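Asks: If you want the building blocks of each chain, they are given just below.
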Amino acid sequence: MALPLLFIGIAAATGGLGIGKSVKAGVDASQAKKINKSANELVEESTELLNKQRTACGNSLSHLGEEKLFVLNNSMTQFLDTFTQIKNVDFNESEGLEELNKMHIDEAEFEELREMVNFAGSFAGGAAAGTAGGALVAFGAYGAAQTLAVASTGTAISALSGAAATNATLAFFGGGSLATGGLGMAGGAAVLGGLVAGPALMVMGFVAGAAAKKGLEKAQTNQAEAIQIAAELDAGSLQCESIRRRTYIFYNLLARLDAYFLPLVYKMEDILKTEGDDYKDYSLDSKKAIASCASLAVTIKSVLDTPLLTDDGMLTDESEETVKRIENVIDN
Amino acid sequence: MAKEKNTARERMQNDADFYDAKEHIKIQEAVKTIDKSLKRTVNNAKEKIDEIDFPDIKKDDKDIAPTTIDGAKVLSTTSALRIIYYLMAVNGEIYHSEEEKFDLIGKELDPEFMSNREKIVKRCKTQMKRVEERDDYYDTIQRGVTTAISLSKPTKDSFITPKLLVWDLLSVAYSDDHYDESEKKLIRFIVKKLNVNETEFLEMESSFLTLMDIQKENDWIKTTNRQYKEIEKVVNELADRKAVILESVHDLITL
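As given, the protein sequences belong to chains A and B, one line each in that order.
The working numbering puts the first residue of the first sequence at 1, with every later residue one more than the last.
The working numbering puts the first residue of the second sequence at 1, with every later residue one more than the last.
This is chain A alone, in the form it adopts within the complex (with noise of 0.2 Å):
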């Protein structure tokens, strides 16, 4: 950076003098705590804007934990209680039904789901009991079945919430404040694919000030590294903020889909009531209606089981096709 005119000319008027060097170490100094100063401006600003989306993207994922545990405990529970009841279902041999030959449920389906809820039930009264903060946040960021199979050794609660303190992913969304150290066991790890990177996170340290480094090249050294940090922390940023993004559209398409399903699941519960519980005899209204649910059960199966992230806290392309395949779903 130049120097101002005025004090080069001050430095060249009083250099006979014997002053110059001081007047010439005063101005660096000045020059010095400004740059420092900045530095130090840059990192608080990209630090502050790392936080706030990351706290933003950990409740987006809680946000869909707790959406995905009301859907398996509430509207699929339903529907696999009243489904389960009734004999002779064959999608395949309904007359005036032909568009339901093209559906393809498999059995297995509606088993991993009654296990998914029988999960969810054990995971709800966690929740219930307060100790579930983490847990809901993988269950947001992971399929369920891929959460399930996390949870079979033990209780599922302890489970997940064992695998929220150990993963550096879970844990940099779980976690207290990057200001506050509260990072846990992340701290110094890589997450999100790498992108906020072990010294970017450690960047709560980072002070650049006369006391730490004095000359007028130490700070402009302070200037580069902070650039740099707060490059790395802007990368965090946007990716958290991509993170929250695809997951409150996965929010948005469950709740959607969830809005067609419960009134289906009221209607199977009728036609049970009305027309008993042999498909066989039932008009193809109903017919209808039931393979309307069980097509749509298994939709919503699919949004559950889909993860949004990798192990490192990237977003995977299979939520991506997922969105497109939904939504296209919805829009027909």
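Honestly, the hints are just simulated from the structure, not real lab data.
For clarity, every value in this text was computed on a predicted model and none was experimentally measured.
Wrong hints could be hidden among the right ones.
[Said to hold, decoys possible] List time: in silico EDC-like cross-link candidates among lysine to aspartate or glutamate, alpha-carbon distance up to 20 Å:
| hint | chain 1 | residue 1 | chain 2 | residue 2 |
| --- | --- | --- | --- | --- |
| 1 | B | Lys-233 | A | Asp-81 |
| 2 | A | Lys-34 | A | Glu-217 |
| 3 | A | Lys-52 | B | Asp-251 |
| 4 | A | Lys-324 | B | Asp-177 |
| 5 | B | Lys-216 | B | Asp-180 |
| 6 | B | Lys-184 | B | Asp-157 |
| 7 | B | Lys-184 | A | Asp-331 |
| 8 | B | Lys-229 | A | Asp-270 |
Following the hints, position chain B against chain A.
Replies: Chain B only, in chain A's frame:
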């Protein structure tokens, strides 16, 4: 003699007073006429001015708002309100629910909205009247929007971020439950014109569709034959979902 002198003086004085009074009345009448004429001229001028699209008044440099946020164009609240009004009118009919929403947004954006409302609406209506000459309603509205955008001079105290404006536009478009093609077309035009990120706009649109589906589900569940204690949990969940969606839009606009 002295008495006559006095009388003459008094008469003269009286005459003078009379003269003054007569002149005064004349002058008063003249002033009144001028005043009326002036008022008429001023009113005419005001009306004409209202019909002309002037740029928003620019204050000191320090009062000027950022011109862009994330690359999208920032607008003055006056221009934003005009754009919202154009959207309300684009399908040929302004619904009461749309007007209510317009007033709500107006009060939120501009503390002086109620006194400015008439002027804003009048400017838009003047633009819309031009349709008779050109016989193309949508194009006329779109030209009005373009003018409102180009003449916008946002200040620090009266500006709206582009994403918030898009959200407000969507809320107006959906307020009558009819998000028709002309509204869609105009909103997309505005999104492009303001350089708002296309995917962010689609996410906002998707959030609105979700809110509408939730509202439908909420209306439906209250008409079912289930007891309230059975549906209460769902009703509460639907309220929570609405709140979460609004939180997501808030994040989308502000972060």
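Asks: Regarding the pair Lys-216 (chain B) and Asp-180 (chain B), is the alpha-carbon distance no greater than 20 Å?
Replies: holds (18 Å)
Asks: Are the Cα positions of Lys-184 (chain B) and Asp-157 (chain B) separated by 20 Å at most?
Replies: Cα-Cα ~30 Å, so violated.
Asks: Starting from Lys-184 (chain B), check that the Cα of Asp-331 (chain A) is at most 20 Å away, please.
Replies: holds (16 Å)
Asks: Measure nothing beyond the straight line between the CA atoms of Lys-229 (chain B) and Asp-270 (chain A); if it is 20 Å or shorter, mark the hint as holding.
Replies: holds (18 Å)
Asks: Does the structure keep Lys-34 (chain A) and Glu-217 (chain A) at a Cα separation of 20 Å or less?
Replies: holds (13 Å)
Asks: Quickly compare the C-alpha distance for Lys-52 (chain A) and Asp-251 (chain B) to 20 Å and report which way the hint goes.
Replies: Status holds; Cα separation ~10 Å.
Asks: Lys-233 (chain B) and Asp-81 (chain A) were given as a pair; does the straight-line alpha-carbon distance stay at or below 20 Å?
Replies: Measuring from Cα to Cα gives roughly 18 Å; hence the hint holds.
Asks: Under the criterion that the straight-line Cα-Cα distance not exceed 20 Å, is the pair Lys-324 (chain A), Asp-177 (chain B) satisfied?
Replies: With Cα atoms ~25 Å apart, Lys-324 (chain A) and Asp-177 (chain B) exceed 20 Å; violated.
Of the numbered hints listed earlier, those contradicted by the structure are 4 and 6.
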